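Engineer: Sequence:
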Amino acid sequence: IDFHRNRTIVGTTSNSLNGVNIVRNGLESPRVHVHHLAIRRRRIFGILMIVLLSIMALWLVISNYTASPVAVISGQSITKPVKLERYNRVIQDYLEINPMGRLSFILDQKALATYVSNELPEVASVSLLGMKQIGKTNFKITMRRPVAGWEINGKKYYVDALGVSFEKNYYDEPSVQIVDNTGAPIEAGTTSVSKRLLGFVGRVVSQALASGYVVTKAILPADTMRQLDINIQDVNPFVKLSIDRPVGEQIEDMDR
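Numbering (the working numbering), first residue to last: 27 to 282.
In case anyone wonders, no lab produced these hints; they're calculated from the structure.
Quick caveat: nothing in here was measured; it's all calculated off a predicted structure.
Mixed in with the good hints, there may be bad ones.
Subject to a maximum C-alpha distance of 16 Å in a straight line, what follows is the list of computed EDC-like cross-link-like pairs (lysine to aspartate or glutamate) [what the hints assert, rightly or not]:
hint: 1; residue 1: LYS243; residue 2: ASP260
hint: 2; residue 1: LYS166; residue 2: ASP198
hint: 3; residue 1: LYS106; residue 2: ASP198
hint: 4; residue 1: LYS243; residue 2: GLU177
hint: 5; residue 1: LYS266; residue 2: ASP249
Label-pair ranges, simulated between beta-carbon atoms [stated by the list, open to error]:
hint: 6; residue 1: LEU63; residue 2: GLN159; range: 30 to 36 Å
hint: 7; residue 1: GLU278; residue 2: GLU145; range: 49 to 55 Å
hint: 8; residue 1: ASP270; residue 2: ILE132; range: 41 to 47 Å
hint: 9; residue 1: ARG115; residue 2: ILE76; range: 22 to 28 Å
hint: 10; residue 1: LEU154; residue 2: VAL108; range: 15 to 21 Å
hint: 11; residue 1: ILE76; residue 2: LEU129; range: 19 to 25 Å
hint: 12; residue 1: LEU129; residue 2: LYS243; range: 47 to 53 Å
hint: 13; residue 1: ARG115; residue 2: ARG282; range: 45 to 51 Å
hint: 14; residue 1: GLY180; residue 2: ASN90; range: 45 to 51 Å
Glycine included, every Cβ here is placed at the ideal spot set by N, Cα and C.
Full structure from sequences and hints, please.
Structural biologist: See the structure below:
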């Protein structure tokens, strides 16, 4: 071994020590020992951080995962019982088609509302409320409020202020009823004519009310499917409207 002046020999590099029961720390300098302890602490801290982050990520997924949707009906003036299973099933169908949507922070609520409204026209909106319990998430369902009703062949149809027609009504019956004097066989929901008429009536009632007029009756006159006569509260003459013209323009003309 080559020894040099002013050099301190601490520890050993002999391979023969690896096979005997000798504590290496006793052969290390204090500085090297502290260095090794620091490395060990950093490793332990790194492992601990990975474990904690994994637990947090797992909890984030579990706490935001929807296994079963729970529909909650919004609206203080709902007067009829609602079968919630009907709405739970449609939301579940959407989540099966879009499995990533089961995570609430990924769920496209606008797409969900569109899907549910297409399947169940009486639904106006769907929004995420939050977790009820692990695996179950509350969804707020808002039903469409009818502004006019139409009875055809013993079956009732409704339209809301946006002109959307639907069949299930959970509110009180609307005060405006459509009177069909055309004599033409119309089945709402199966022809574009009936949906167009219902949508037109709904927008007329809504925009007239916004202008300060209360529509009391909507009449489809005889021998035409493109005209609507409406009666206004406290106004004697009725008003003729054409379904081929924009509603807003005709309400302005009526006001003038």
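Engineer: Looking back at the hints listed earlier, which ones does the structure fail to meet?
Structural biologist: 2, 6, 7 and 9
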